[in-house]
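Q: Spelled out from the first residue to the last, the chains are:
Number of protein chains: 2
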Amino acid sequence: MSRAWTAEAFYTQLEEPPALAEHTQHVREFVARQGAEGRKVVLVTSGGTTVPLEKNVVRFLDNFSAGTRGAASAEYFLEAGYAVIFMSRQFSQFPFTRWYSHTTNPLFDLLEEPAEGEERVRVSQDHVKGLLPILHSYHEAKRRGRLLTVPFVTVIEYLFLLKNVSEAMAPLGRHGMHYLAAAVSDFFVPTDKLSEHKIQSDNQSLTLQLEPVPKVLGALVDSWAPDAYVVSFKLETDDKMLIPKAERSLRNYGHHLVIGNLLQRRKYEIVLVEPHDHTWIRLPSPPAAPPHEIERDIVAAIAERHQAWIASV
Amino acid sequence: MSRAWTAEAFYTQLEEPPALAEHTQHVREFVARQGAEGRKVVLVTSGGTTVPLEKNVVRFLDNFSAGTRGAASAEYFLEAGYAVIFMSRQFSQFPFTRWYSHTTNPLFDLLEEPAEGEERVRVSQDHVKGLLPILHSYHEAKRRGRLLTVPFVTVIEYLFLLKNVSEAMAPLGRHGMHYLAAAVSDFFVPTDKLSEHKIQSDNQSLTLQLEPVPKVLGALVDSWAPDAYVVSFKLETDDKMLIPKAERSLRNYGHHLVIGNLLQRRKYEIVLVEPHDHTWIRLPSPPAAPPHEIERDIVAAIAERHQAWIASV
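First to last, the protein sequences are chains C and X.
In terms of our numbering, the first sequence opens at residue 16 and continues consecutively.
In terms of our numbering, the second sequence opens at residue 16 and continues consecutively.
Careful, some of the hints might be misleading.
[What the hints assert, rightly or not] List time: in silico BS3-like cross-link candidates among lysine-lysine, alpha-carbon distance up to 30 Å: (1) C:Lys144 to X:Lys230; (2) C:Lys282 to X:Lys70; (3) C:Lys208 to X:Lys230; (4) C:Lys157 to X:Lys230; (5) C:Lys157 to C:Lys144; (6) X:Lys230 to C:Lys70; (7) C:Lys282 to C:Lys157; (8) C:Lys260 to X:Lys255; (9) C:Lys255 to C:Lys282; (10) C:Lys70 to C:Lys282; (11) X:Lys260 to C:Lys208; (12) X:Lys255 to C:Lys208; (13) X:Lys70 to X:Lys282; (14) X:Lys255 to C:Lys70; (15) C:Lys208 to C:Lys255; (16) C:Lys260 to X:Lys230; (17) C:Lys208 to X:Lys144; (18) C:Lys230 to C:Lys144; (19) C:Lys282 to X:Lys255; (20) X:Lys282 to X:Lys255; (21) X:Lys157 to C:Lys208; (22) X:Lys157 to C:Lys157; (23) C:Lys70 to X:Lys144; (24) X:Lys208 to C:Lys144; (25) X:Lys282 to C:Lys230; (26) X:Lys157 to X:Lys230; (27) C:Lys255 to X:Lys208; (28) C:Lys70 to X:Lys157; (29) X:Lys208 to X:Lys255; (30) X:Lys144 to C:Lys255; (31) X:Lys144 to C:Lys282; (32) C:Lys208 to C:Lys230; (33) X:Lys255 to X:Lys70; (34) X:Lys208 to C:Lys208; (35) X:Lys70 to C:Lys230.
These aren't lab readings, by the way, just hints derived from the structure by calculation.
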């Protein structure tokens, strides 16, 4: 039943997603501009990938991820002087706007209707102080062209984009970093095995057969961007698996660092696993007010290691 | 392998979601207040439901639905004088705010930074004209207490809420309407069959066994809210299945109306299927500017039928 997909077979046998060439071109231009200014560039991947179960997709598998880790990290990378390629699941959390998204703190509630006859809409004065620095950083990242957005939905789109974006970043050499925070599905259904129409229910049980997604981290490290600093993530729910699996990943793919986290404690505890070392980062829980986000510390620690990697040539 | 779950077995054997009692109490109070003012109340369900595949959920099945149909319909029901219980998937589209959500038209891009020394944030004057009527309707619905929000994520939460909200609406008699636009999973994994931790991949294929979700529409119509006007939705991708399946649903559950739509044409073509009649609603495609949404016509047609149902006692 199961084929073990190699990266090579995957990229040659599956059809290219429609917007791939356009996104790739944007990344090439962005990289050329940042590279010319000597700036470091980080690719931050963020959010979950979907696995459609039908060609006319009604049902899909998904990975739990609001995209907060990636969106928060992107903010701190910008603050640290990086240019950021933010490759994220469509509609997942976005740098800066995340502070006012969804139903938790909707911007609509902060907007005041004008008095009769006036045609002006203001943010309520109570919220201006909190909003201003965030709005400023958002506008500045856009104005200076330091933030490029690349959206994906399915795991197939994600994998094609990852290859092309990584190859487009190769000219940056050691000044490129890959910070792979997206929650990527381990399984997928190849297009030729998808049902054409919506799977009918009729009170029957349903059996789904999924094939393993090819592991592409090795190809990224060996061929796509061989000089880049590469950070992957490992999310587990069983704490006994966390460090062994992170170490195995480093041995298998030969990259620089795995950020390990447990689903339940991911907001205030992570571990940086390197070939001969591991370093815990822990915040007091519940966190202090004003909130200190763990992504601030993660990015500081990673940026320092990236700089050492650049300096070690 | 497969049990055919009855509604009764489902509600007695599965564990109640944590926030159920609290949401139910809010709905009871809302219904009492609206009922006392003689107002019609519609329950609009919206967005897709998830099916977690693990107890510590990393992976889940989902149904494709941004929640636009439900959010748009809720706006037109409010405009038509209804009070609305908006029971929707967490983070799916929301009435009014949907016009400025996500990356298509983010509100952040419309906010102007103040000049040096000023502490004031305004919406850019180009956008005020478009924003004002939407902002006004949003604030008015909140100010008048005409819109109650009830969030869900999983199909199990959805089904428990649907039962409790429907029972809480029963005192409205014929003044209650159920407009079931949510994309509800047909399959689920009962809690006792869930894997405790994240399913490990290890380059193996994965087989998932899902059981059919119990059909509860019959119970809603017969017992939970026996006098209410009940509208369900049928989404198909194969046009030959659409009307036969809608008619079969009416025969099986004895409710009033099924709104049939095809995934590919759902934005500009739907069919109202009733026991002895069906009526197409079609918009020119591509739609005219300023956009005329098909939900405006759907709600007008349904509100008229609901009024006839109230008058026919």
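Q: Taking the hints in turn, state whether each one holds.
A: Hints, verified against the model:
Restraint check: the Cα-Cα separation between C:Lys144 and X:Lys230 comes to about 51 Å, which exceeds 30 Å; the hinted pair is violated. Distance hint between C:Lys282 and X:Lys70 is fulfilled; the C-alpha atoms sit about 19 Å from each other, no more than 30 Å. Restraint check for C:Lys208 and X:Lys230: satisfied, since their Cα atoms lie roughly 29 Å apart, inside the 30 Å limit. With a C-alpha separation of about 49 Å, the suggested pair C:Lys157 and X:Lys230 falls outside the 30 Å cut-off, and the hint is violated.
Our distance criterion of 30 Å between C-alpha atoms is met by C:Lys157 and C:Lys144, whose separation comes to about 21 Å. About 26 Å separates the Cα atoms of X:Lys230 and C:Lys70, which keeps this hinted pair within 30 Å; it holds. Taken as a hint, the C:Lys282 and C:Lys157 pair is honoured in the structure, with Cα atoms around 28 Å apart against an allowance of 30 Å. Restraint check for C:Lys260 and X:Lys255: the C-alpha separation of about 49 Å exceeds 30 Å, so the hint is violated.
Our distance criterion of 30 Å between C-alpha atoms is met by C:Lys255 and C:Lys282, whose separation comes to about 19 Å. The suggested pairing of C:Lys70 with C:Lys282 is violated, with an alpha-carbon distance near 36 Å, which exceeds 30 Å. Between X:Lys260 and C:Lys208, the direct Cα distance comes to roughly 25 Å. Compliance with the 30 Å bound is thereby established for this hinted pair. Our distance criterion of 30 Å between C-alpha atoms is met by X:Lys255 and C:Lys208, whose separation comes to about 22 Å.
Restraint check for X:Lys70 and X:Lys282: the C-alpha separation of about 36 Å exceeds 30 Å, so the hint is violated. For the suggested pair X:Lys255 and C:Lys70, the alpha carbons sit about 17 Å apart, so the restraint of at most 30 Å is met. At roughly 36 Å between alpha-carbon atoms, C:Lys208 and C:Lys255 are farther apart than 30 Å, so this suggested pair is violated. A distance of roughly 42 Å separates the Cα atoms of C:Lys260 and X:Lys230; the hinted pair therefore is violated under the 30 Å criterion.
A C-alpha spacing of about 50 Å is found between C:Lys208 and X:Lys144, which places the hinted pair above 30 Å, so the restraint is violated. For the suggested pair C:Lys230 and C:Lys144, the alpha carbons sit about 46 Å apart, so the restraint of at most 30 Å is broken. The straight-line distance between the Cα atoms of C:Lys282 and X:Lys255 is roughly 49 Å, outside the 30 Å bound, and the hint therefore fails. Distance restraint check for X:Lys282 and X:Lys255: the Cα-Cα separation of roughly 19 Å lies within the 30 Å cut-off, and the hinted pair is therefore satisfied.
A hinted pair counts as satisfied when its Cα atoms are at most 30 Å apart, and X:Lys157 with C:Lys208 does not qualify at roughly 48 Å. Our distance criterion of 30 Å between C-alpha atoms is broken by X:Lys157 and C:Lys157, whose separation comes to about 34 Å. For the hint linking C:Lys70 to X:Lys144, the alpha-carbon distance of about 41 Å lies beyond 30 Å, and the restraint is violated. Annotation: proposed proximity of X:Lys208 to C:Lys144 is violated, straight-line Cα distance about 50 Å (limit 30 Å).
With a CA separation close to 39 Å, the supplied pair X:Lys282 and C:Lys230 exceeds the 30 Å bound. Distance check on the hinted pair: X:Lys157 and X:Lys230 sit about 34 Å apart at the alpha-carbon level, beyond 30 Å; violated. Of the supplied pair hints, the one linking C:Lys255 and X:Lys208 holds, its CA atoms being roughly 22 Å apart against a limit of 30 Å. Restraint check: the Cα-Cα separation between C:Lys70 and X:Lys157 comes to about 40 Å, which exceeds 30 Å; the hinted pair is violated.
With a CA separation close to 36 Å, the supplied pair X:Lys208 and X:Lys255 exceeds the 30 Å bound. Proximity of X:Lys144 to C:Lys255 is assessed by CA-CA distance (about 57 Å); at most 30 Å being required, the pair is judged violated. With a C-alpha separation of about 41 Å, the suggested pairing of X:Lys144 with C:Lys282 is violated against the 30 Å cut-off. Restraint check for C:Lys208 and C:Lys230: satisfied, since their Cα atoms lie roughly 20 Å apart, inside the 30 Å limit.
Taken as a hint, the X:Lys255 and X:Lys70 pair is broken in the structure, with Cα atoms around 39 Å apart against an allowance of 30 Å. The hinted pair formed by X:Lys208 and C:Lys208 meets the criterion: a straight-line CA distance of about 26 Å does not exceed 30 Å. Between X:Lys70 and C:Lys230 the CA atoms are separated by roughly 26 Å; this keeps the pair inside 30 Å, and the hint holds.
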